[in-house]
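Given chain A, work out where chain B should sit, using these hints.
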Amino acid sequence: QQQVKQSPQSLIVQKGGIPIINCAYENTAFDYFPWYQQFPGKGPALLIAIRPDVSEKKEGRFTISFNKSAKQFSLHIMDSQPGDSATYFCAAVYNDMRFGAGTRLTVKP
Amino acid sequence: AAGVIQSPRHLIKEKRETATLKCYPIPRHDTVYWYQQGPGQDPQFLISFYEKMQSDKGSIPDRFSAQQFSDYHSELNMSSLELGDSALYFCASSIRRTGGTDTQYFGPGTRLTVL
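Residue numbers (the numbering used here), protein chains in the order written: chain A, 1462 to 1570; chain B, 2 to 116.
The following block holds chain A by itself, in its conformation from the complex (with noise of 0.2 Å):
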């Protein structure tokens, strides 16, 4: 059973498109939620982080908002680039760490 519920599955955009990507949770246990961006035959890589204290948080392109109450958080990318094309997970963590089912993401040029 996922307890990060992520979406879409699959996001297609063109370049300089803002994708956003969904996740939902519902234990409240949860304090620190990271994205991680991977591609293909590579690890994880971590993208961004939130705690629920704050209501957004920025990093370049990278947006996260996040809303406690609705227990939902998003990424946003701005001015998406094909290089941005890889599989995006949202995770949340509360001494080990959940992963939404993940978005591929596809940026065209």
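Derived from the structure by calculation, the hints contain no laboratory data. Quick caveat, the model's predicted, so the values are computed rather than measured.
Sample of chain B residues with no beta-carbon within 10 Å of chain A, all distances over it, derived: (1) A2; (2) I13; (3) K14; (4) E15; (5) T21; (6) H30; (7) D31; (8) P62; (9) S66; (10) F70; (11) H74; (12) N78; (13) S81; (14) G85; (15) S87; (16) L116.
No farther apart than 30 Å at their CA atoms in a straight line, the calculated lysine-lysine pairs in the DSSO-like style are these: (17) A/K1503 - A/K1476; (18) A/K1519 - A/K1476; (19) A/K1503 - B/K14; (20) A/K1476 - A/K1569; (21) A/K1529 - B/K58; (22) A/K1503 - B/K58; (23) A/K1466 - B/K58.
Chain A regions said to be covered by chain B (calculated; three or more residues, Cβ under 8 Å): (24) 1502 to 1511; (25) 1551 to 1562.
We treat Cβ as the ideally placed atom computed from N, Cα and C, and that holds for glycine.
Frame of chain A; chain B shown alone:
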């Protein structure tokens, strides 16, 4: 900056054989995690160690065991291998912070193929 090192990067075994995967955490990291990732799936947490003691246990089969050594490297031992064990195995490491949640940094993975 130094990253997590995993060896071997690729491993091919026959059914019912055993395999040992190794993980060398980022220097000064005291916690190691093991994950299994099947094709097109998200990483599944297997087990973690903090200061050489088992910290948390996830969906690790009884045929698998792991330990963390005095130099903080960890080994995942897999016995009686089955075809379904074919997957990418990732190790991640972190620094345990008092009152905080640890950011995990992943290694490049070991691709295990069971024939």
